[in-house]
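The whole structure should be built from the sequences, with the hints applied where relevant.
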Amino acid sequence: MKERIPPIARSAANEGPGTLEVPGPSTRLDSNVGLLVLLKGATVRWLDRWASTLVGAPAVVYMILGCLLPLGLIVAFSLNAPHFNVANYRDLTSSGLYLPLLWNTLWISSVVTVVAVLLGYPYAYIMARARGKVALVLGAAVAFPFLTSTVVRSFTWELILNPQGIVTDLFHLVGISTVPTLLGTPAGVIIGLSQVELPFVVFPIYAALTAVHRDYDSAASSLGAGPSKAFLFVTLPLSMTGVAAGALLAFVYALGAYITPQLLGGPSSTMLGQGIATEVQTSLSWGVASTMGVVLLLATAVTFLAASLLGGRRVLGFGHSDSRP
Amino acid sequence: MGPMAVTIIISLGRTPVAVFPPVGLTLAWYASVASNPTWTVPALTSAIAAVLVMSLATAVGVGAALLSMRSPMRGRSLLFGLFLLPLIIPSMLISLGLALVMTSLRLSGTMQGLVVAQGVIAIPYVVLNVVVALRNVDSNMERAAQSLGAGPFKTLFWVTLPLIRRGIVAGALFAFLASWDDAIIALFLNGPSLTTLPVFLLGQATDNVSPAIAAVAGYLAVLSIFACGLVLTLGMGLPALSRRSEPGGTAGV
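So the protein lines, in turn, are chains A and B. Position 2 (the first sequence) corresponds to 2 in this note's numbering; numbering is contiguous. Position 116 (the second sequence) corresponds to 116 in this note's numbering; numbering is contiguous.
Because the hints were derived from the structure by calculation, they are not lab data. Beta carbons are placed, not taken as given, at the ideal position from N, Cα and C, and that holds for glycine. Any given hint could turn out to be false.
Now the stretches of chain A that chain B is said to cover, found in silico as 3 or more residues with beta-carbon under 8 Å [unchecked claim]:
| # | segment |
| --- | --- |
| 1 | 50-57 |
| 2 | 102-111 |
| 3 | 122-131 |
| 4 | 138-151 |
| 5 | 272-279 |
| 6 | 293-304 |
In silico negatives: residues of chain A with every beta carbon more than 10 Å from chain B [said to hold, decoys possible]:
| # | residue |
| --- | --- |
| 7 | L71 |
| 8 | Y98 |
| 9 | T156 |
| 10 | P237 |
| 11 | S285 |
What follows is the structure, encoded as structure tokens:
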């Protein structure tokens, strides 16, 4: 900012020591200063309001470029940009390899979701009804694999399901000599994926269960319901939003799964994610990979649509049934 | 948890092929892995990438969380959904898309490309943790600061940030892990000098595995236990992982 000589000093310098000119509000210098003060005030007030938004602006740009742009590119490449035709889609539907892939993905994902929910619900129930410390330990036990790489987790299952692994030994122990190998089969993938997805299922169910006040149990029994009836007709229905949310997460995750089916599965259990990865790695055919990507995107979108139609926004942002804007 | 224990037991075996129960107990595999550049180079690559991603994601994510919680704009909850989008859609989609972006920019196989790409999946974790922390901040503190004359940025930096530092640290930790454990993005952006540990592990996991791989898994398990302990001591474990509190109402897809 330019150094401003105070009006008093300036006029004193010009006109000699005996004269003092008191600056009035009509002098040009003052109105300039006034305007600046006004502008500065407006800026400060604008910043007060929008500072928090400005701080998040880089994030918005980052996510648009990092999330939305990639998705857009997938669609663009599937349509064979820059030519823009449906050649890729025609090739895909006519190829005999594609439909089994899609079918595998759909049925394996469904089974995995069911198994994960069946395994996860009891675990979440115990966790919800347990005392503080125990709940924490249980939570840590199920979250701990979450902090490990999927590669490592799937690999450990590979070690177990291996023909030389402990599953074989366990079967021998029970007396069965010829053991069907689980590795390389859909069953192996299902076992592995269910375990990998358990945290996704347990935590929403746990959250929903803890939202069901314990008093409901007492209320139910005071009205004459036994413990199993209370569970079936009170707790279970109230926790369904959690179950739905967990199932949604599990299904969508399974749709796009790659690492677990790749390590644990075989030709009869190849899933969509593996198809995409193969196209990217071996043939570098971005067009085909993107086309399969669009299919995956559509499957995901349809799943979410179905979930929101069936369960409403309660499922998507589970726990909230209010409508805050 | 069970499979993890089995892996560690296998890694202690003496035979060149992984068997269970293991024959002979030795820690030799752990030692050989630690001194073998075939393993240490990918591990170092992973570590460098993870640290860079952690820094980037934390810096960007904290701003995103502040926007989600404090901004007066109307599209706030929509933006919040955008910030969390990578958590909801299959990672294969994001990875494929990012691979397309990076290859088009000729950044495939470079550390910069990898860090920027992995940042996308790391940011949601930071945003979640910081948002939870912001919920517990008494906004009277910020008002007090402003009544004492602090400007908005000063308040954010000197008052809000210190109050949420636990959430920031937790978010940074999850961001680190997101990058460290990521295999798919790293797989697609793989390059001759840019192989991360999970990608390398993926290539090594065939039928006849040597306990060395189990030893690597063992190391990683220890790292995860350490991370788990950190998360628990920060006291942000369960609340951060259950997405019960969301700002601006239901921010679905």
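Here is what the structure says about each hint:
1. Figure legend: the segment 50-57 of chain A, annotated as covered by chain B; annotation consistent (7 residues with Cβ-Cβ distances under 8 Å, at least 3 required).
2. Counting residues of the segment 102-111 of chain A whose CB lies closer than 8 Å to any CB of chain B gives 0, so the stated coverage by that chain is violated, three being the minimum.
3. Using a Cβ-Cβ cut-off of 8 Å, 0 residues of the segment 122-131 of chain A lie near chain B, which falls short of the minimum of three, so the contact claim is violated.
4. A count of 12 residues in the segment 138-151 of chain A with a Cβ less than 8 Å from any Cβ of chain B is obtained; the coverage claim is therefore met, three being the minimum.
5. Restraint check on the segment 272-279 of chain A versus chain B: 4 residues with Cβ-Cβ distances below 8 Å, three needed, restraint holds.
6. Remark: the segment 293-304 of chain A is confirmed as covered by chain B, as 5 of its residues place a Cβ nearer than 8 Å to a Cβ of that chain, reaching the required three.
7. Distance check on L71(A): its Cβ comes as close as 5 Å (rounded) to a Cβ of chain B, failing to clear the 10 Å threshold; non-interface status is violated.
8. The Cβ of Y98(A) lies farther than 10 Å from every Cβ of chain B, with a closest approach of about 16 Å, so its non-interface assignment holds.
9. Interface exclusion of T156(A) from chain B breaks down, the closest Cβ pair being 4 Å apart, not more than 10 Å.
10. Against the 10 Å criterion, P237(A) stays outside the reach of chain B, whose nearest CB is about 19 Å from its own CB.
11. The claim that S285(A) lies off the interface holds: its Cβ sits roughly 12 Å from the closest Cβ of chain B, which is beyond the 10 Å cut-off.
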